[in-house]
Each structure stands twice: as structure tokens, then as C-alpha cells.
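Q: Here's the letter readout for the chains.
There are 2 protein chains.
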Amino acid sequence: MSYTAPIKDMLFVLKELAGLDEVAGLPGFEEAGLDTAQAVLEESSKLCGEVLAPLNVEGDRNPSTWKDGVVTASPGFRQAFRQFAEGGWQGVQHPSEYEGQGLPKLIATPCIEMLNASNLSFALCPLLTDGAIEALLTAGSEEQKQRYVPKLISGEWTGTMNLTEPQAGSDLALVRTRAEPQGDGTYRVFGTKIFITWGEHDMAENIVHLVLARTPSAPEGVKGISLFIVPKFMIGEDGTLGARNDVHCVSIEHKLGIKASPTAVLQFGDHGGAVGYLIGEENRGLEYMFIMMNAARFAVGMQGVAVADRAYQKAVAYAKERVQSRPVDGSAKQAVTIVHHPDVRRMLATMRALTEGARALAYVAAAHSDIAHCHADERVRAEHQAIYEYLVPIVKGWSTELSLDVTSLGVQVHGGMGFIEETGAAQYYRDARILPIYEGTTAIQANDLVGRKTLRDGGAVAQGLLGEIDKTVEALKSHGDSSDSSFSSIATQLEAGRHALAAVVDFVVKQAKTDPNAVFAGSVPYLKLAGLVLGGWQMARAALVAQDKRAEDPSFHGAKILTARFFAEHLLPHAAALQASIVSAKGGEGWLALDIEQF
Amino acid sequence: MSYTAPIKDMLFVLKELAGLDEVAGLPGFEEAGLDTAQAVLEESSKLCGEVLAPLNVEGDRNPSTWKDGVVTASPGFRQAFRQFAEGGWQGVQHPSEYEGQGLPKLIATPCIEMLNASNLSFALCPLLTDGAIEALLTAGSEEQKQRYVPKLISGEWTGTMNLTEPQAGSDLALVRTRAEPQGDGTYRVFGTKIFITWGEHDMAENIVHLVLARTPSAPEGVKGISLFIVPKFMIGEDGTLGARNDVHCVSIEHKLGIKASPTAVLQFGDHGGAVGYLIGEENRGLEYMFIMMNAARFAVGMQGVAVADRAYQKAVAYAKERVQSRPVDGSAKQAVTIVHHPDVRRMLATMRALTEGARALAYVAAAHSDIAHCHADERVRAEHQAIYEYLVPIVKGWSTELSLDVTSLGVQVHGGMGFIEETGAAQYYRDARILPIYEGTTAIQANDLVGRKTLRDGGAVAQGLLGEIDKTVEALKSHGDSSDSSFSSIATQLEAGRHALAAVVDFVVKQAKTDPNAVFAGSVPYLKLAGLVLGGWQMARAALVAQDKRAEDPSFHGAKILTARFFAEHLLPHAAALQASIVSAKGGEGWLALDIEQF
Numbered sequence: 001m002s003y004t005a006p007i008k009d010m011l012f013v014l015k016e017l018a019g020l021d022e023v024a025g026l027p028g029f030e031e032a033g034l035d036t037a038q039a040v041l042e043e044s045s046k047l048c049g050e051v052l053a054p055l056n057v058e059g060d061r062n063p064s065t066w067k068d069g070v071v072t073a074s075p076g077f078r079q080a081f082r083q084f085a086e087g088g089w090q091g092v093q094h095p096s097e098y099e100g101q102g103l104p105k106l107i108a109t110p111c112i113e114m115l116n117a118s119n120l121s122f123a124l125c126p127l128l129t130d131g132a133i134e135a136l137l138t139a140g141s142e143e144q145k146q147r148y149v150p151k152l153i154s155g156e157w158t159g160t161m162n163l164t165e166p167q168a169g170s171d172l173a174l175v176r177t178r179a180e181p182q183g184d185g186t187y188r189v190f191g192t193k194i195f196i197t198w199g200e201h202d203m204a205e206n207i208v209h210l211v212l213a214r215t216p217s218a219p220e221g222v223k224g225i226s227l228f229i230v231p232k233f234m235i236g237e238d239g240t241l242g243a244r245n246d247v248h249c250v251s252i253e254h255k256l257g258i259k260a261s262p263t264a265v266l267q268f269g270d271h272g273g274a275v276g277y278l279i280g281e282e283n284r285g286l287e288y289m290f291i292m293m294n295a296a297r298f299a300v301g302m303q304g305v306a307v308a309d310r311a312y313q314k315a316v317a318y319a320k321e322r323v324q325s326r327p328v329d330g331s332a333k334q335a336v337t338i339v340h341h342p343d344v345r346r347m348l349a350t351m352r353a354l355t356e357g358a359r360a361l362a363y364v365a366a367a368h369s370d371i372a373h374c375h376a377d378e379r380v381r382a383e384h385q386a387i388y389e390y391l392v393p394i395v396k397g398w399s400t401e402l403s404l405d406v407t408s409l410g411v412q413v414h415g416g417m418g419f420i421e422e423t424g425a426a427q428y429y430r431d432a433r434i435l436p437i438y439e440g441t442t443a444i445q446a447n448d449l450v451g452r453k454t455l456r457d458g459g460a461v462a463q464g465l466l467g468e469i470d471k472t473v474e475a476l477k478s479h480g481d482s483s484d485s486s487f488s489s490i491a492t493q494l495e496a497g498r499h500a501l502a503a504v505v506d507f508v509v510k511q512a513k514t515d516p517n518a519v520f521a522g523s524v525p526y527l528k529l530a531g532l533v534l535g536g537w538q539m540a541r542a543a544l545v546a547q548d549k550r551a552e553d554p555s556f557h558g559a560k561i562l563t564a565r566f567f568a569e570h571l572l573p574h575a576a577a578l579q580a581s582i583v584s585a586k587g588g589e590g591w592l593a594l595d596i597e598q599f
Numbered sequence: 001m002s003y004t005a006p007i008k009d010m011l012f013v014l015k016e017l018a019g020l021d022e023v024a025g026l027p028g029f030e031e032a033g034l035d036t037a038q039a040v041l042e043e044s045s046k047l048c049g050e051v052l053a054p055l056n057v058e059g060d061r062n063p064s065t066w067k068d069g070v071v072t073a074s075p076g077f078r079q080a081f082r083q084f085a086e087g088g089w090q091g092v093q094h095p096s097e098y099e100g101q102g103l104p105k106l107i108a109t110p111c112i113e114m115l116n117a118s119n120l121s122f123a124l125c126p127l128l129t130d131g132a133i134e135a136l137l138t139a140g141s142e143e144q145k146q147r148y149v150p151k152l153i154s155g156e157w158t159g160t161m162n163l164t165e166p167q168a169g170s171d172l173a174l175v176r177t178r179a180e181p182q183g184d185g186t187y188r189v190f191g192t193k194i195f196i197t198w199g200e201h202d203m204a205e206n207i208v209h210l211v212l213a214r215t216p217s218a219p220e221g222v223k224g225i226s227l228f229i230v231p232k233f234m235i236g237e238d239g240t241l242g243a244r245n246d247v248h249c250v251s252i253e254h255k256l257g258i259k260a261s262p263t264a265v266l267q268f269g270d271h272g273g274a275v276g277y278l279i280g281e282e283n284r285g286l287e288y289m290f291i292m293m294n295a296a297r298f299a300v301g302m303q304g305v306a307v308a309d310r311a312y313q314k315a316v317a318y319a320k321e322r323v324q325s326r327p328v329d330g331s332a333k334q335a336v337t338i339v340h341h342p343d344v345r346r347m348l349a350t351m352r353a354l355t356e357g358a359r360a361l362a363y364v365a366a367a368h369s370d371i372a373h374c375h376a377d378e379r380v381r382a383e384h385q386a387i388y389e390y391l392v393p394i395v396k397g398w399s400t401e402l403s404l405d406v407t408s409l410g411v412q413v414h415g416g417m418g419f420i421e422e423t424g425a426a427q428y429y430r431d432a433r434i435l436p437i438y439e440g441t442t443a444i445q446a447n448d449l450v451g452r453k454t455l456r457d458g459g460a461v462a463q464g465l466l467g468e469i470d471k472t473v474e475a476l477k478s479h480g481d482s483s484d485s486s487f488s489s490i491a492t493q494l495e496a497g498r499h500a501l502a503a504v505v506d507f508v509v510k511q512a513k514t515d516p517n518a519v520f521a522g523s524v525p526y527l528k529l530a531g532l533v534l535g536g537w538q539m540a541r542a543a544l545v546a547q548d549k550r551a552e553d554p555s556f557h558g559a560k561i562l563t564a565r566f567f568a569e570h571l572l573p574h575a576a577a578l579q580a581s582i583v584s585a586k587g588g589e590g591w592l593a594l595d596i597e598q599f
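Listed in order, the protein sequences are those of chains A and B. For what it's worth, the UniProt record's numbering labels the leading residue of the first sequence as 1, then goes sequentially. For what it's worth, the UniProt record's numbering labels the leading residue of the second sequence as 1, then goes sequentially.
Bound-form chain A, shown alone (with noise of 0.2 Å):
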């Protein structure tokens, strides 16, 4: 059940294919270039491999328990989270201003990697922390920030995001929970929360739930919501804790996985009131909420990567040591370990490939983040930041759909042994199942990359990166006379499916005010064939690269050129079918007249 993190493969991809260089070349990151990137990565991967990995069975084999409101961290929980904590883990991506590490986002992502491949439940706490950390650092007052943020990084408190109600999922306008203002700037929240990860616990003296919420005079829907700091501690002037305040936990969830993060019921306001401050303006909590869900959406995005990686790196020893079967090409008279067989290597390559793309897609957008935030040029940060907000949905959604796959077929690597709960290989299987759902379904974060990021532009970023990809092909055809075949093959396929999502593009932007329907119910497959394209070009580029710098390490560059060349012959071919799978719905015309009474 060991984990090493991908060190090489992480800084190749961040200083070749998502411009380390340049991001340490942004005002107040310059310290972080290679050198430092390659010293964080190294020690957040001690840390993860020795100390979160190997609790992560134990995680799923005790989870957390629930007991008279307390809850009780699964076994060496508590320790090893004061470890994160004391190494300054929280802080990372945050301002050195609130005693976070001030690093770049593309530094913070391949370790937020690294944390959640060694242990997804783990992750969950610093992963919600960080959203209340920048909804704080975003709209609330400079008091606020003082006061919370740098108990949010040090670790002694931690943060959680309290959105979903059993009548309120995916749709927001349906939050019921009450805040009535007491005439003394704080108001009393009553309500009830569900699925609050972390919500409850013991590793940390104070959790900061942020809690959207109805003031009295709010319009209906999404527009009269705003957002409230509901500490579960009462908090005196001089920052020490106080009495309990009035929200507490009433169940938590027995759930498919991540079973060592608790899934609270958060009951507010059930003896008197929970005290609770508002951020930033009234009704504009939705807005904040945003802010913290982006954040958490790419870390949910990693979360896919992460869990794929882990289930690829077990599958991998396995193939590598179980010995099954004779060769199909008669190279050998006995039974060779199962990596020889084909299937394996390609259900190997698949899980290799996707996880790869995934990757480099990933830390790519979050190049694009940093710049958004902290280039001089106001332009630049809008385009970049256009960029990164078109990306985002496509890194949760697409990541974490591929890590189903990828858990998946690293169970059917290891053939009976991995429905067999002790192989560990089912686990990764269970766990990543919550990815797609939480913060956003798929089709949630489809609708998004549907509306607010093509639509609202008439599809200029998209039309903006498949140019980017076209001077990708136009390099890889430059390669075509070149002894390796993959190039010209690659090049194909980029260019197919290149076209294929500019087809669909055009679909969505000229359909979605005369047929809803029908662009929505290719929203999903849009997203699916963006992440397949946009991922296959970043295997593009990476191949370009390692072509240059064969010679310099012929087999880590010759396996990139090579996995590069899988996803474009395995994976990129199905751009066409997704494609005539979205314009295939013709609203009222098509399938979409199936009757809700024919289901």
C-alpha cells in the first residue's frame, strides 16, 4: 500500500509544459523557480509517503466514529494531521502576510497531488480549509482575515463549507437556513446542514464553518443568499477559545468511501441560535461561496489525478510481480508475470495515460491561476484568468470522471485478488465514486463550462486555446520526417479532435438559445470530449519536449513520447464519436422526445 510520489514526471510537467520560468518570473514569486520547487516537493513527499499513506487503510478499515455529537478521528488521524500542520503544509498557496508559505499555486498543486494520492479522507480537511482560507482572504473584512486565516494555516483550526441541505443539492435557491440579524452585528443562524465534510472532529481545537444562509428581508433564490462565519468555539477578543457555540453534529454518513472523513448532519441554531457574522454584504453569499467552490473544484479536479495515480502505481507492482499465463507470442515456454500480457499493458498504458493528461491539464491551469493573480498587466491577468476559469470545470469534471475508470481498471488489473477488500485495490475504486458528485456533479460543472464559460464569450477562450492547439500540430507535422512515427500519428489525431471540439463549440455558442435542450444534454459529453482533447494536446506538447531532450534520459522521454502516442491512437479517436453524440440530440427531433412516462 505504498505510495511514491510521481517527483519526476511533477517537475517535468511543471517546467515544461506549464511555465514554471514564468510563473517565478511574477512579482513576489521570485524564489519559486525549479530549485525550490523540486526542495517543497521533495519534503511534502516524506511526508505523504511516510506518515498519510500508510494510514489510508486504516483510515477505510476504522473510519471516523460519531458518539453523543463528538467524532472521533479514525486511529493516528489526530497525529499525523499535527505533523501536516507543523510542517506548514496548510500554507503553502497562501500570503506569507497570514504566515502561509506565499508560493505559487502551480507549486501548491503537485503537492495538494501527493497529499490526496497517499490519503483522499485525509486531504478532505486542509483540502476545505483552503476554500474557507481564500472565501476569507476574498470578502471578508481585514478583522476577519486577522482573526481567522492564520489559525486556518497554522492548523489549530480548520475550515469546513456548509452549502447543501436535504431539500438543497445542485440547486442552491432552495438553502432554507435562517440568519436573524441581532441588532449588534452578528446574527443567529438556525438550520440544517448535510454532507458537511469534516464538519466535526478532533483534530484540530476550533472549526470555522462558512454558512450560506437566508437573512429575513432576502429576495428568493440564488440572490438572496449570503454567507456567515459560524465558529463551532466562541471566539474572545484576545483569540482564545470561548464557550461551545450553538451548531452541532448530530449523525455522520456511512458512505461507499472515504470512510475516515466524517460526512456531518450540522444542526444549527437548536438551543437558542448559532452566532454567526456576516461576510461581506448580504445576499451576495453565492458570489463568496463561488470563490471558495473554484478553489475547491481544481482540488476536487486533483483529487481524480491523485486517486488515479495511486490506483496506477498499485497496479503496476502487481502486473509486475503476479505471475499468470504463458506469452501470446510464444516468447517464453512458461508462465510470465501478467505485465507481459498485452491487455495488461494496455489497461496499464490507459490508466498511465489519462492520469498523465490529467495531470499536465491540471497544473497547466494552475500556471494560468498564478498569472491571473499576480502579473503586472491588468490584460494579461483578465486573459489568463478567463483561461483558468474555463479550465476549471473541465480539471474537476474530467479528472475526476477518468478516475473511475482508472480505479476501475486497477482493480481488473489484479483480477480476483481486487475485489478482495484486503488488496486495497477495491478502495481506490470506492473512494474516487464521491468525486464526481461533490462540490458540483459533473453535470453540474458541464452546465458551467456550458453557460458562464462558452456562451458568456460566444466561445472566444475555447476559440483562443484551439488555436494554441493548432500551433501544437503544426510542430508535430515539423516532426513528421523524423525516424519516430509516433509524431505524424499524434499529430492526426490532436488534429481530429481538435476539430471535433471546435465543431462542438459552435454547436453549443449558435444552439443554446433555440435549443436548450439539446446543448444541454451535451453538456457532459462537451466536457468529456474538452478534457480529451485539451488532455491529449498537453501529451502533445510533452512529446515535442521529450523529443528534444531524448538523449538526456532516453527512457523516461522515450516513455513520454510513447504514452503520448496511446492517448492519441486509444483515446483521442472517441473526440469524433463524442462529438456526433452531442449534435445527434436535435431537441424535440431526436431522443430527447422520449417521454418522462416512456422511462
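Derived by calculation from the structure, the hints in this document are not laboratory data. None of the values given here were measured: they were computed from a predicted structure. Positions of the beta carbon are idealized from the N, C-alpha and C atoms, including for glycine. Treat the hints with caution; some may be incorrect.
What the hints assert, rightly or not - BS3-like mimics (lysine-lysine), calculated; alpha carbons at most 30 Å apart, straight line:
hint : chain 1 : residue 1 : chain 2 : residue 2
1    : B       : LYS333    : A       : LYS513
2    : B       : LYS320    : A       : LYS333
3    : A       : LYS513    : B       : LYS549
4    : A       : LYS320    : B       : LYS513
5    : A       : LYS8      : A       : LYS67
6    : A       : LYS471    : B       : LYS586
7    : B       : LYS513    : A       : LYS333
8    : A       : LYS586    : B       : LYS586
9    : B       : LYS333    : A       : LYS320
10   : B       : LYS320    : A       : LYS586
11   : A       : LYS510    : B       : LYS333
12   : A       : LYS549    : B       : LYS513
13   : A       : LYS223    : B       : LYS320
As the list claims (entries may be wrong) - Which chain A residues face chain B? A few, computed with CB under 8 Å, are given here:
hint : residue
14   : THR4
15   : ASP184
16   : LEU256
17   : ALA335
18   : ILE420
19   : ALA443
20   : GLY590
21   : GLN598
22   : PHE599
Claimed, not checked - The following label-pair restraints were derived from C-beta to C-beta distances:
hint : chain 1 : residue 1 : chain 2 : residue 2 : range
23   : B       : HIS254    : A       : GLN463    : 50 to 56 Å
24   : B       : LYS549    : A       : VAL323    : 53 to 59 Å
25   : A       : GLY221    : B       : GLU421    : 29 to 35 Å
26   : B       : THR138    : A       : HIS254    : 44 to 50 Å
27   : B       : SER555    : A       : GLN182    : 54 to 60 Å
28   : B       : GLU220    : A       : LYS471    : 47 to 53 Å
Dock chain B against chain A, hints included.
A: Same frame as chain A, now just chain B:
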């Protein structure tokens, strides 16, 4: 957690696609017409819906338990098995001369589907018993048949298949269990078998283990394996049970799913040797076991259809009940049930189309088996046997692989609730995961499809099926001038799929000798392609029938046409992608050049 057998669709497929009338015209099946089928299906659906379906969750929460070698089935299972046995359900497809009902496999198949849809864990016990009965009927002596088969059919005893050993999973050449002849016609069996489904339990008074083992003089490899009967309790001349035989269950597995079905480690011969009786001749065990395995493989394919349908039913029910968000087309100002949202309908349509396509293909295969067994003309029998054998790995591999997608979508439709175990959707996702593994992994099915089923006859059977598809394409085209554009659309996609399959069959036949690694690297994609195209073909045939009968039941037949259209437009386009991926491996030149050390 209810289950309603889809009797209407089952009867439609039996009659309109699988040729029930033709089967009822075979010698011995004169009574097996539509009326009989309907009566049997309705009776079966009562037991399944009322008794077995409610036990499914119970078995998941309270798995079978092991203590001191004794396995106790989950609460209620023993009583339910008595009802199953007393209803005569074990004997549906077995000959009346051994107390079976003597019905065609075609009518038994929907009963098997219902049984598995209602309770996969429970259904495994009859499934294995069916396999034991088939092996005994084919290879056993008349005395063995008389002794064992009626007791197995009555449900007084159950059967098991003992193939796997720790070092011998897919590779039966590595079997080490020994059988030593005693001079009196009996043998003593020594060894360890693992993954023995229902290998020990308290639902019946005896268990008939069929065991693969080697005699002292046997050659190495698969040609030295013999098949033995090893009863749990010795059987006296008069059929009464005697002493315990020397076979003991030393543990059962802790599994991802199908938790109610005990998966046993069986120890043979720790106390002097388990008494075994040879079936047929020495060293022909694998051949006999294949009889059993072919029956079991088909049945496992049905398990895929079954769990997919159960997941679909649950998802539809939830989608019609859960209210969330306003419609994207602005047709309502209030939140609506999620079945109104295009992406939910896309998910449900995907689940439905795959399930119906897989059901139709499997039932058609069952009809070929009936004709192969009972037709008066030997040539016709051989012809249908060849088609059935071509279809078995596809039914097994494709139906079980798609059950992973369908049960995963089932979780997704439920959103966050899908991840909570109490909801029940996660159980199907967990249970289904074993299906592409046991009774031969998908890769093993694909090897069979490539080797025995395609190369051995130079692709002749496959070509025959392609010719049949052409006829359907022509029929669809002749509907092209009808007012319904579905038919031209289905024709286009089916024709494209047919060409993709033809190209791949050609590739397999031509390249297998010169480039076996490339062909076997594409074997699973070939299997999936074959399933997709043959399943899509059945849906297209269904649409043609539905068009003719549309006036009779417009809702049912209209839904069938639109589901066929969805299959064609959303799923069949992936046929071309699979074709591209298969021919891309190109042995050492392509991605297969990725060295084992590079993984």
C-alpha cells in the same frame, strides 16, 4: 429497494427478436410458446420481487459468516432458498427425465435475469448449481447423473466449481491439486482451492463440489487436468447422507460486493484425503469444465444485464421523485423533478439503451443455444452452436463491462445520496465489480473471442453475422422515407458500426500470426466493439418491429424506437474509435514498444 421484472420487454425480446416461435417449434419444446413463457415469467417475478429482492440489502448489511468451518448464510437466505427450491426454479432449463422442467434456455434466461436482478448474491448459488448440472449431464456416467442431478435440481443439494488456486487463476495450467487413485475406482484429493462461490453454507443439506485436480501420471499443463466430484457429505448406496468428507472451509473472503455470497477457501485432504469420483476420463477435465464454464459465462453475462436493470429502475424512480433546479429551457419557474433535466435523461437513456441492448443480445444467444441443442438437422445444430459460441464471450464480457458503467451512472443520478450506503445505489456499483472478473476476466473472454471464436474459423461466423446486419441496414433504409427520421439515423450509425467490426475481424484474422501482440492488445476493444455493434443491431431490429406494431401500444413501441435511436446516435459512434484504437497497436512500432521497465 423494490424490483419489478420488466416482463413486457422480456416478452417482446423473446417473441420479436429471439424467435420464441421457432424455438417452440423444436422437438421437445412444443409446450414452450408465448403463453407458457408469460406464465413462467409472471410466476418467477413474484418470487423474485416479493421474496428475494427485499433480502438483497439485508445480505449486504449482514454478510454470510464463518465460524469454526461452518458458514451461515445471511438472515432469511436459507428460508428463501427453500422457497426457490420448492418452486422448482432450479430445474427450469434442465431435462424432465431428471426432474427438471425441460424448458428451453430461452425461457430460463429471463428467469435467470430476474433472479440476479433481485439478488445477485443469492442467485450465485443456483448459477453454480446449474453449471454443475450441465457438466454432470454432459460428462458424467449414467449412475452419476442419477445420483446427483435430481438432488441438485430439487435444491436438496447445491453445486460448486473448484478451479482457482492461489497460483492458478486465469492460468489453469498451474493447477496443483492432486488426486490419487485408490484402486477401488475412487480417488483421494489433496490441495487448496480459493474463490469458491457458495463453497460452504447452510442452505442445503449437501454440497457437490466439482474439482479440477491432477492424477499422479498426468502430463504437465492444461492437458493433465481431470475433473472430480467431491461431495461435502458422503452418499450411501441408497442416497442417504453419511460421514463428512475431508473437505473443509478454512475461511471466507471480505469482499467489495456480493457480500451475502460466501467466497470460500476450501482445504481438501488435510485429514487423509477427500474422497473424489472421476467424471468422464482422466486428463479431459478442462474440456468438461468448459461446458460448465460456458453455461456459467453466459449466466454471468446475464448477471450484468440484471444488475444494470436493477440500477436503472432505482435511478428512474429517484429521478422522478427528487425535485431540484428549474428546467434549462425555462419551461417552468419552479424547481422540477430531475428527470426533466437533459443530462439526467441522457444518463437514464444511456443506462436503458445499454441494458436493453445487452438483454436482447443475450436472449438471442440463448435461442441459438436451444436450436443448437434440439434442432432435428445436424447441420443447423452445428451452425447455431457456432454462433452461440461466438456470442458467449461477448455476452459475458460486454454485458458485465457495461454493468460497471450503468451502475456507476446509477450512483451519479442519485448525486450525494448515491454515495451513502443506506440509499442502496452503491451496492449495485460494488456488486457489479466482480462480474468482469470471475468466470474468466474480460481479457480471458477476449482471448477466447480472438482465438477459438474468430481465428479458428477464419472469421466465418463473424462474417455471417455481418451479413445479417446488412439485411437489417437495408430494412432500416427502406424506412428512410417514413416520417420518422429515426430510421435513417439508425441505419447510418449501424452501417458505420458494421464496417468498423468488419475491419477489425479482418485485422484479427490477417495479423494474428505475424503480430500476435498487436492483435491481443486489441482483443478487449474488439470484444467491446462486437458487443456494441451486435447490441446496436438488436436495438435496430427492435425498432423495426416496434414501427410495425406502433399502433398497438404507442408508448412502449415509441420508447423502443427512441431508445434504439439513442443507442445508435450516442453509443454506436464509438465503434469507429474502437476500430482506430485496435489497429493502432502495430506491434513493436507503436505504443507496445513501451518497455516493461518504463511502466
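Q: Honestly, which of those hints from before does the structure not fit?
A: 2, 3, 5, 8, 9, 12, 14, 15 and 28
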